[in-house]
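Fit chain B to the given chain A structure using the hints.
Going down the list, the sequences are from chains A and B.
Under the numbering used here, the first residue of the first sequence is numbered 1, with each subsequent residue one higher.
Under the numbering used here, the first residue of the second sequence is numbered 1, with each subsequent residue one higher.
Rather than coming from a laboratory, the hints here were simulated on the basis of the structure.
Keep in mind the model is a prediction, meaning the values are calculated, not measured.
Even glycine gets a Cβ: it sits at the ideal position worked out from N, Cα and C.
Careful: at least some of the hints might be erroneous.
To be verified - Computed list of chain A residues with no C-beta within reach of chain B, every gap over 12 Å: (1) LEU241; (2) GLY346; (3) THR375.
What the hints assert, rightly or not - In silico contact screen, one side only, chain A against chain B (beta carbon under 8 Å); selected entries: (4) PHE191; (5) ILE210; (6) SER220; (7) ALA222; (8) ARG225; (9) VAL226; (10) LEU237; (11) GLY242; (12) GLU254; (13) ALA364.
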Amino acid sequence: MRIRPLKRRTFLRGMAGGTSVALALPILEAMLNDHGTALAGGDALPRRFGVWFWGNGTHPGNWAPASTGAGWVPSDLLMGIAAVKDWINVISGAALPVPGLNNPHVEGAIGILAGGNPLLHESYSGQGDDWNFLTVPTPSVDEVAADHLAGDAPFRNLTVAVTPVHTSDAGSTNHPGTAISYISHPAPYVFNPPIQDPSELFAALFGAGIPTGEAPPAESLARARVLDAILEDASTLEGRLGASDKQRLDQHLEGIYQLQNRLTAIVQPGEACAMLPDPGNPTSERERAGVMGQLIAMAWACDLSRVMTLEFSSPASHVDYPDIGIASAGLGTSFHEYEHQNGYNGTVLTALRYFVEVFGDFVAALQALPEGAGTLLDNSCILGTSDVAGGWDHAFNDFPLLVAGRAGGALAHPGVHVALSGDSASRVPLTCLRAIGAPVETWGTDQFATNAAITEILA
Amino acid sequence: MIGRRGNGALALLGLALLGHALAIPACYEGASGRAGDTATGGATDGMSAGDDEGDSGSDGGEMLEPLASGPAGLRLLTPTQYANSVLDVLGDVAAAPVGQWRSSIAAAQGGVSPAGVEDYENAAHEISAQIFSDPVQRAALTGCTPEHVQGDPCVAQVVASIGRRAWRRPLTDDEAERYTTVAFDVATMLQGDAWLGLQYAVAGILQSPSFLYRVELGTPIEGDPDHLRLDAYELGSRLSYLAWNSTPDDALLDAAAAGELDDPEGLKAQIDRLLESPRARDGAVQVFVDAFDLDALYSLQKDAALLPAFTPTIGPAMREELVQVIGATVLDERDLRRLFDTPAGYVDAELAALYGLPGEVGTEPMVVTLPETRHGILTRAGILAIHSGEASTSPTKRGLAVRRAIMCQQIPPPPPDVEAELPEPTGEGEHLTKRQQLEMHATNPTCAACHNLTDPIGLSLEHFDALGGWRETDQGLAIDPSGDLDGMPFADASELGSRLAEHPAVAECVIFNLYRYAVGHVEQPDEAETIEMLVETLESSDYDLRAAIEALVTAESFRLVSVGGEEDGE
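So that you can see chain A by itself, here it is in the shape it has in the complex:
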């Protein structure tokens, strides 16, 4: 749990004889954080981390390139990243050690993204469809990365979804077991709800223009001042709470700190930072993913954020993919069900290729923005992965794992194919965390725990 000490703002409480005391501008400046000065001071460019997730895996045993090492040639399923292959490491042959006790899609998503076994609150034990109630045991990898990278960035972890997020079978969204639906989790039973409309993402990031390095408006500072009082209220209450409620309240306060950060941040934009047009909300999902990816890339270039989580589809892929003609109207069912019924036929393989293509679009968007001597991609580590190795039979061997970017040089050998033989897939999230400089000794819990990064790609 990330809990910072209360920030005591330097506020002048002028109570002299009932008359108001004018607060001069220097006081306001004293309230501001120093976000952005790292760049001005000539320090290293920030690293960025992203999770790019799709549901229902790939075709295990049939997706990896034929040769290992550098110069790999894309398999049919990986053709979508051919143009950026020199910045992508393919890790094949890894296995995800799920317990096999519950819904495989939930177990897989929690296993790869949070490195642990599902957690179920005792109140939900024995409920029908209890897989709807499962949550992560510990924060997901994007949140761990954000602990290290986000600093005072106004958007700690940009979380977006492209296709409709999974809703529970019971027609209910009234369950806190969110791992079947959501992929970014700061804590058990807490998730970052994804923005699903590109226009809304645009408004949040650039509605007030691009960052200028100027002080925020006084209204924002006033709102931040109000949050100080909330934090004081909470500290009074916290002393009276038991352990689990204290943890809940701490999580709540984390959100208040983040909001205060956003309200008071002075952001020094990077060199490629420029205004983008409002993209609207394209009906094509590939296009929607594309414009969201561009907005995220630009937010990174502008240093509004350094971490992102993109859920192209929820675990299990219980959706249509109309872009490629996979829709209920034609197939009579969702892609999930279609794959179960048909196996890896031509239509399913088209979808599996398509997921990689859309991932490739995001990698290309990062590469399109110059930064320092290279591009944004050179300072990023993007983990592309899924909930299962194969959706047809819920396979967990040969798990799909793509690592894009150079992470500021930490991923010293981009563009190689590393073939593992049944090693834990947890090694890859660990590698990403090390690549972005997070001081992580061990990643994962229980049978997911590992301290062995993929040394073939790490400096």
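Just chain B, lined up with the frame of chain A:
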């Protein structure tokens, strides 16, 4: 409180405790190898052994004394409670529901994400600005005019009075000063007047944990290290959210301040007052909104190509019908059994069209009498539509919903390697009714153990499509709505309703749902006596929910919470 999957052992507790429920052991034996099933298996034993014990009450001697109604803690406001509370604190403002966890149980455990914090912050500022930027509204709310940004008694008075209503208790001196200082600081920063400062201070009060959470921490009881007694304000909040699903009014806060809630007479007077109010409908109906998750109807999604009657507004209309019908049967007729055979409907033009009603219904919904095929809530579109696919019905889901929400029985999920989806209709190939498609459920012993509990109920509702509209046939084939509820045969959905109205599990289940809504957690072993008392009250009052609510709030256990529940080291 959070344990690894399978460690919790309280599943089916209610059934095991009371012993009225039917023994359905085959279902639980059928699903093996799942960690969670140890709990259900144990409970099955409890059920079969419970038939005698439950009636004689002979197991009461082992119960802990005094009984508590759950662990001490924080209960987040549900979105509905948030909106209701804002309205009650500030008067006539536009307040949208804010929050993530809809049911009382979920809100007692759920956290607030960073995005949730933003939602609360935005809402608080919008709401407060509505009031304080309008000279008429702010004067009506505050009854005074602040002249100075600093040291003005009006500012202090407004902080104290709004604070007390919002936080359901008086503010401490520190708290009051904290928010008058916010008002001063902000007025200064923005070079505005005292009203502007108050606007921000009130926006703060509405974001405080003291507003967003119902604090039920209690105070120590001498000589009883296991329990804590809710203080008068905490108890007042419990009463108010139970009866009205909202924050206490001034009269209730005054009663708490005067110590009137400390003795049973005063408590009885207050709960009677609350239940006499028309607002009691909000509380009683919420028991069922929680249990049936009727708020899911706000975002109902159907395949409009296959179900042309679907529109984005029809789901909310369905919800409103159920709310009105539940309110009328439970509070006006004061007989829960009428839920299952009431002919009363509440329809707008869209819903009237879906129900095939003759005559004119305008955009304003109205009370109507429905044909016999629609008697009881089971045959209302809202219930039918939530428990269906986007295009196609699901007898299993519908049956499961009845077992779970109406009978409080737990049916384990299918084994993890089973695909639980039937293909949606394509309009091509061989046509089968749902009964034919589900034939395997009835014949394969692994499936049948559980599906024989769910599918016959759901198949009786096959005359209603995935949106709840009537259909004579399923893909041109005749529909057989007959079935069997735990050995009691029924000819159609209407008879199923009659069977349910008389089923002992149904009355018990209402009590479980009432209790969970009131205290925010699933009942624990030491609460069995309270539950049993409530069931008896309900039965002896001819199924008057109000009698059960009165009995609940005047029970000693309602005023206590238990220490502990903090063993989690996660």
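The hints, checked one at a time:
| no. | hint | verdict |
| --- | --- | --- |
| 1 | LEU241 | violated, 7 Å |
| 2 | GLY346 | holds, 19 Å |
| 3 | THR375 | holds, 29 Å |
| 4 | PHE191 | holds, 6 Å |
| 5 | ILE210 | violated, 21 Å |
| 6 | SER220 | violated, 10 Å |
| 7 | ALA222 | holds, 5 Å |
| 8 | ARG225 | holds, 6 Å |
| 9 | VAL226 | holds, 4 Å |
| 10 | LEU237 | holds, 6 Å |
| 11 | GLY242 | holds, 4 Å |
| 12 | GLU254 | holds, 7 Å |
| 13 | ALA364 | violated, 29 Å |
In terms of the numbered hints stated before, the structure departs from hints 1, 5, 6 and 13, listed from lowest to highest.
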